[in-house]
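Numbering (my numbering), first residue to last: 785 to 1284.
I should point out that these hints are in silico values taken from the structure, not numbers from a laboratory.
From a predicted model like this one, the values you see are computed outputs, not experimental measurements.
Certain hints may be false.
Once the Cα atoms are required to be at most 20 Å apart in a straight line, the calculated DMTMM-like pairs of lysine to aspartate or glutamate come out as [said to hold, decoys possible]:
(1) 1168 <-> 1183
(2) 1219 <-> 1193
(3) 1219 <-> 805
(4) 1018 <-> 1082
(5) 1219 <-> 1183
(6) 1253 <-> 1193
(7) 1079 <-> 1019
(8) 878 <-> 1251
(9) 1272 <-> 1226
(10) 1170 <-> 1131
(11) 1170 <-> 805
(12) 1272 <-> 999
(13) 865 <-> 1251
(14) 1151 <-> 1019
(15) 1219 <-> 815
(16) 1272 <-> 877
(17) 1253 <-> 1097
(18) 1170 <-> 1097
(19) 1020 <-> 895
(20) 865 <-> 877
(21) 1253 <-> 1214
(22) 1020 <-> 1082
(23) 1272 <-> 1193
(24) 1201 <-> 1283
(25) 1203 <-> 1283
(26) 1272 <-> 879
(27) 1168 <-> 1139
(28) 1151 <-> 1283
(29) 1253 <-> 815
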Amino acid sequence: MKKILFLLITGLTVSASYSQEVSDALRYAQDNLTGTARFRAMSGAFGAVGGDISSLSVNPAGSAIFNTNQVGVSFSNQNMKNNSNYFGTQTSDKENSFILNQAGGVFVFKDRNPNNGWNKIAIGATYENTNNFNNNVFSAGTNPTNSVDSYFLAFANGLPLQDIDGLDYRDLFYNEQQAYMGYHGFVIDPVANTPGNTEYISNVPEGGNYYQENEIYTRGYNSKVGFNIATSYKDKLYFGANLNVHVTDFRRSSSFYEDNNNALQPYETISNLRFNNELYTYGNGFSFQLGAIGKVTEAFRLGIAYESNTWYELYDETSQSIYSTRQADGGQPLNANVNPNIVNVYDSYTLQTPDKWTFSAAYVFGKSGLLSVDYAVKNYGNTKFKPTNDSGFRGVNDDISNTLTSTGELRVGAEYKIKKLSLRGGYRFEGSPYKNGTTIGDLNSYSGGLGYSFGATKLDLAYSYLERKSNQGFFATGFTDGANITSKLNNVTLTLLFEL
785 MKKILFLLIT GLTVSASYSQ EVSDALRYAQ DNLTGTARFR AMSGAFGAVG GDISSLSVNP
845 AGSAIFNTNQ VGVSFSNQNM KNNSNYFGTQ TSDKENSFIL NQAGGVFVFK DRNPNNGWNK
905 IAIGATYENT NNFNNNVFSA GTNPTNSVDS YFLAFANGLP LQDIDGLDYR DLFYNEQQAY
965 MGYHGFVIDP VANTPGNTEY ISNVPEGGNY YQENEIYTRG YNSKVGFNIA TSYKDKLYFG
1025 ANLNVHVTDF RRSSSFYEDN NNALQPYETI SNLRFNNELY TYGNGFSFQL GAIGKVTEAF
1085 RLGIAYESNT WYELYDETSQ SIYSTRQADG GQPLNANVNP NIVNVYDSYT LQTPDKWTFS
1145 AAYVFGKSGL LSVDYAVKNY GNTKFKPTND SGFRGVNDDI SNTLTSTGEL RVGAEYKIKK
1205 LSLRGGYRFE GSPYKNGTTI GDLNSYSGGL GYSFGATKLD LAYSYLERKS NQGFFATGFT
1265 DGANITSKLN NVTLTLLFEL
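Take the sequences, apply the hints, and build the full model.
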């Protein structure tokens, strides 16, 4: 199991514990559609088209389609709105972000010798914000049957009382820490007040109708810097490769609140509680890509691309606190404030995300436009935490294999040119990565845009709309109730390109 360093004003202590969830792995296995405005307007269907800086992220052979050097930069405004339905109560929250979405350039070197079939080499470098984590989700409603006490009971039952009462928080494993928070926060009590007790009961009064709120605020990004090289053979076959460096920085703050109006007993039941958790994950990774594009005819093209696993080295830091109110003698409330003021700093670990194959076709109507289709396949069930001989990781990897599945992603794009003006549109569909199809549902996205050429300078604008439904439990253990979330993403991207 992984080691934790507890950051305190007084110094450092070492223990061993770790907890991972399927959703943690999926966060880095999934990519959002990013890139230039032209790329986004056509929903990223560029695997057989090439000739766009962002096309390199789909098929690295795309840089060899360029005839001139090109550099560009793209900015995006992203608005994410989450509509929540929790036992019939409707709530919503939203977050707006302005980001540097993409930047890069491609430089073309031609061989003028007509006897040389390998007549072109292209070198490119790109930066992309592959996933913007800025998001707010707020859910609230009355749960008719279940309380968050199930979360703490799931961790506490089977643990000796002496392990969660007599020891300091910093000396505990992760599961013991959760039981510690429930016990010292008055949520649970031992059946027998003896050191060897291993059974616990809830202090939440029976009767149901628990009012609950869950707030989740995330911030951060996943970015990729790609280095590309490609070549062409007689302007009919194109081959390319990418080496990619990934950087991630993710922060998640969650706060769960619960209260009830059920009959209270002095020193035995609680009327409300708030449980806070903080997660900070950071690190970097590496991947590579290979691709080829072939002109079957002058107008019809086929493409194939392979993207390797991404191997991340990640670090986690966590902290938590709980506050509750219980009934005291005389009807006076008695508060519990449990805040260890400790940050758990874990040893680094490896996350291997799945590889991906993309198959593409495009038809180019001379200089008047094009129609393009991409289909990508990725098996999310192959996501793995390492080392795999770690008993904790082995259990999580089994959960990933049993929960996640292989999915297909369809991207369709079209472009029509009227002199210097280009009109674009696209559609994107991605299947659910979960076998049940509901924890995270299917993705549907529509896009459109236009571009104008001033000669050596081009200005492109794109709008895209994405919608996806999900139902993830507020907690992964014990208390797994969650809200039905409909997420709607509106994105506007502006790109400025220069031909050199």
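Here is how each hint holds up against the structure:
1. 1168 <-> 1183: 10 Å, holds
2. 1219 <-> 1193: With a Cα-Cα distance of about 16 Å, the restraint between residue 1219 and residue 1193 holds, given a limit of 20 Å.
3. 1219 <-> 805: 16 Å, holds
4. 1018 <-> 1082: 12 Å, holds
5. 1219 <-> 1183: Holds: residue 1219 and residue 1183 sit about 12 Å apart, inside 20 Å.
6. 1253 <-> 1193: Measuring from Cα to Cα gives roughly 16 Å; hence the hint holds.
7. 1079 <-> 1019: 8 Å, holds
8. 878 <-> 1251: 14 Å, holds
9. 1272 <-> 1226: 13 Å, holds
10. 1170 <-> 1131: 12 Å, holds
11. 1170 <-> 805: Roughly 14 Å between the alpha carbons, so the hint for residue 1170 and residue 805 holds.
12. 1272 <-> 999: Measuring from Cα to Cα gives roughly 18 Å; hence the hint holds.
13. 865 <-> 1251: 10 Å, holds
14. 1151 <-> 1019: 17 Å, holds
15. 1219 <-> 815: 19 Å, holds
16. 1272 <-> 877: Holds, at roughly 11 Å.
17. 1253 <-> 1097: With Cα atoms ~30 Å apart, residue 1253 and residue 1097 exceed 20 Å; violated.
18. 1170 <-> 1097: OK: residue 1170 and residue 1097 at ~10 Å, within 20 Å.
19. 1020 <-> 895: This hinted pair holds, its Cα atoms lying about 15 Å apart.
20. 865 <-> 877: 6 Å, holds
21. 1253 <-> 1214: Given pair residue 1253, residue 1214 holds - Cα atoms ~12 Å apart, limit 20 Å.
22. 1020 <-> 1082: The hint holds at about 8 Å.
23. 1272 <-> 1193: 19 Å, holds
24. 1201 <-> 1283: Distance ~19 Å between residue 1201 and residue 1283 Cα, so the pair holds.
25. 1203 <-> 1283: 18 Å, holds
26. 1272 <-> 879: 11 Å, holds
27. 1168 <-> 1139: Holds, at about 12 Å.
28. 1151 <-> 1283: 18 Å, holds
29. 1253 <-> 815: Holds, because 17 Å separates the two Cα atoms, which is no more than 20 Å.
The structure is inconsistent with hint 17 alone, although it conforms to all the rest.
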